[in-house]
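Once you've looked at the hints, dock chain B against the given chain A.
2 protein chains.
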Amino acid sequence: MKVGETHYRSIWHDSDTWAVSIIDQRWLPHRFETVQLDSTADFATAIRDMWVRGAPLIGATAAWGMAKAIERDSSDAGIDATWELLECTRPTAINLRWALDRMREHVRPLPIAERALAARELAVAIADEDVEINRQIGLNGLELIRAIAAKKGDGKPVNILTHCNAGWLATVDWGTATSPMYHAADAGLDVHVWVDETRPRNQGALTAWELGSHGVPHTYIVDNAGGHLMQHGEVDLVIVGTDRTAANGDVCNKIGTYLKALAAFDNDIPFYVALPSPTIDWTVSDGVRDIPIEERNGDEVRRQLGRLGSERNKNSLIVDSGNSADGATTEIAVPPDASAVGNPAFDVTPARLVTGLITERGVVEASTASLAGLFPDLQVSRSA
Amino acid sequence: MKVGETHYRSIWHDSDTWAVSIIDQRWLPHRFETVQLDSTADFATAIRDMWVRGAPLIGATAAWGMAKAIERDSSDAGIDATWELLECTRPTAINLRWALDRMREHVRPLPIAERALAARELAVAIADEDVEINRQIGLNGLELIRAIAAKKGDGKPVNILTHCNAGWLATVDWGTATSPMYHAADAGLDVHVWVDETRPRNQGALTAWELGSHGVPHTYIVDNAGGHLMQHGEVDLVIVGTDRTAANGDVCNKIGTYLKALAAFDNDIPFYVALPSPTIDWTVSDGVRDIPIEERNGDEVRRQLGRLGSERNKNSLIVDSGNSADGATTEIAVPPDASAVGNPAFDVTPARLVTGLITERGVVEASTASLAGLFPDLQVSRSA
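These protein sequences, in sequence, are chains A and B. Counting with my numbering, you get residues 1 to 384 for the letters of the first sequence. Counting with my numbering, you get residues 1001 to 1384 for the letters of the second sequence.
So that you can see chain A by itself, here it is in the shape it has in the complex:
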């Protein structure tokens, strides 16, 4: 989507040199920086340390990491080593392994000399497929929003709540949860998005940044606020993304998603999950029980990154803002150093709380039968 006047994807290659670049998302929304990735270590760092985040973008980045490694070493052993190195960078993201497997399975049967080009072409295809999938998700979600807008008829915008950043920054373009919002705004529908801050990493700031860049009205709120807003009629629907969806429709997504699903259910508000089919893990039949939850470094909870103050801080609580320039970023620590911290990064929302799954093939109930019915091809091939 747009950044200033330029249309960006979140990962792209130079069509002459095949050099691969990403947006280093650690600095957003404070600074917009792009960086070129080359070595496998570069790609591993970018995934593990969340320069890129979001299941589809992690998949595309992993695919490019494989492609760049195969440029240098097309041997079976080299491919396997890269697979191993990249696979362990993020334990929860199903797309990571999916992309790595797909690259390896595509390239390994080929003669050594053909592997580098084939790997690049598949990495390009994986990225392009993601864009097309997200566009389809957006078109399907748009119809849900259109139906709610038609029913409202109170002259107020359709209020959509979202959690985390399932935006274009988390995919190659369009985003998953945001794609219906972008499509609705582009179609001239009156929409407004409640953006959950999404502690501990505040990815809501990314969502706010990208919605703002595209001109979609939105309001940034703390994660605690959504239940109250739902109680008081301020939310018409919830759309979130997912890092991994179990075959039974249980949805693993950023920590806190489950709480919003409970509140939506309690207030009879539709709760939708936007997901590309590669996010479905057909091998897991009970997501709440069987999806392992990544416990991340406690410093993510202790510390927060933000911009230092400017004129606006003159009357604030600042004791010592240092001598840094306006807009520079720094980290602060909030809890006492002596306190233990816990940092489970995801939770699983049971299918019973999910109104529907917005996929590239349509909107379906969150159930084993519905998912298998919509994706008979994938369901068979993946569970075999």
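A hint or two may mislead.
To be verified - One-sided excerpt, in silico: chain B residues whose CB lies under 7 Å from chain A:
(1) 1219
(2) 1220
(3) 1259
(4) 1266
(5) 1304
(6) 1332
(7) 1335
(8) 1338
(9) 1344
(10) 1347
No wet-lab data here; the hints were simulated from the structure. The beta-carbon is built from N, C-alpha and C at its ideal position, and this holds for glycine as well.
Chain B only, in chain A's frame:
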């Protein structure tokens, strides 16, 4: 409770000079500072700008604000003016008005010459009553914890989740939600507390600080984490405080409490609310519908206060930490400046989600009949 080797209350007076002091809680847990309050403007600022917070402490501070004003001007007009000035500082806290009314009603019938001393004595009594009420809440809550500990028998601690700071810093001493925890720890029970960060103001850092100071094991978590922990058996009970309880048992408390109540209900985990009887608003029969929710300044959401980095930050994301000394505090801004922010400060948890109310007179069901039965004296006098 203890700060270092000294036992503090959160508000106290000098028995010779009647000078009133508080802990300026804006700087906790980073710095421990006390400040003397004198003028009515001092007290109004301390309440409005949250140098003191928590319903009971706000009540005690308001009472002392009245007493100090009456020292200077004991006239009916002076008393009324102080009442007006202090009453509008925080719209949600029922204790504020309760304390102001009680001071005025006590003093107004007296001869002018007797008012100053009577006002001081009543302010002392209000503070002492709060301490005794919280002690009783703690003893009643202790029995709940003891029963759960006896049933567990798995050698693991009783895991208690709490939201916000309903600790001794929010009362005069003991706290409300924390009083059972302090009593349980003092009684030698093996307890562990999950402390919700409680965005936007991060009062969980205060709870972590006071639990740590008293030696109670605890873990600081983001507000998003509690649902996941409950799903996986890591929480045995929830105890929160309340700023205002409706006569039907609906509980108005810090924003986000409702989400934790939903999660506790969904996982069959007891959800208790600790409340002193002055927190009950007998005039409100439907809390969800009728309690007005304070919308606070959006800068509370935009900005966060914390300690600047030290050695620990050497390998972190710091771009410019300024030249400030270790432990100095500053504010950062997280979301884009261009984004709108919303900041509802409280939400209301419906009585149907509350397992019980822990009061100074015992633990009862959250219902009109139970509350009226336990407090027939208050119920009659306040609703008359």
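Each hint, compared with the structure:
Of the supplied interface hints, the one on residue 1219 of chain B holds, with its beta-carbon coming within about 4 Å of a beta-carbon of chain A, less than 7 Å. Interface hint status for residue 1220 of chain B: upheld, as the beta-carbon distance to the closest one in chain A is roughly 4 Å, under 7 Å. The restraint placing residue 1259 of chain B at the interface with chain A holds, with a minimum CB-CB distance near 4 Å, inside the 7 Å limit. Proximity of residue 1266 of chain B to chain A holds as hinted, the smallest CB-CB distance being about 6 Å (cut-off 7 Å).
A hinted interface residue such as residue 1304 of chain B counts as satisfied when its beta carbon comes closer than 7 Å to some beta carbon of chain A; here the least separation is about 6 Å, so the hint holds. This hint holds: residue 1332 of chain B has a C-beta 3 Å from the nearest C-beta of chain A, less than the 7 Å allowed. A cut of 7 Å between beta carbons decides the hint on residue 1335 of chain B: the least distance to chain A is about 4 Å, and the hint holds. Hint status for residue 1338 of chain B: holds, given a least beta-carbon distance of 5 Å to chain A, under 7 Å.
For the restraint placing residue 1344 of chain B at the interface with chain A, the shortest Cβ-Cβ distance is roughly 5 Å, inside the 7 Å limit, so the hint holds. Hint status for residue 1347 of chain B relative to chain A: holds, with the closest Cβ pair at about 4 Å, below 7 Å.
The structure agrees with every numbered hint stated previously.
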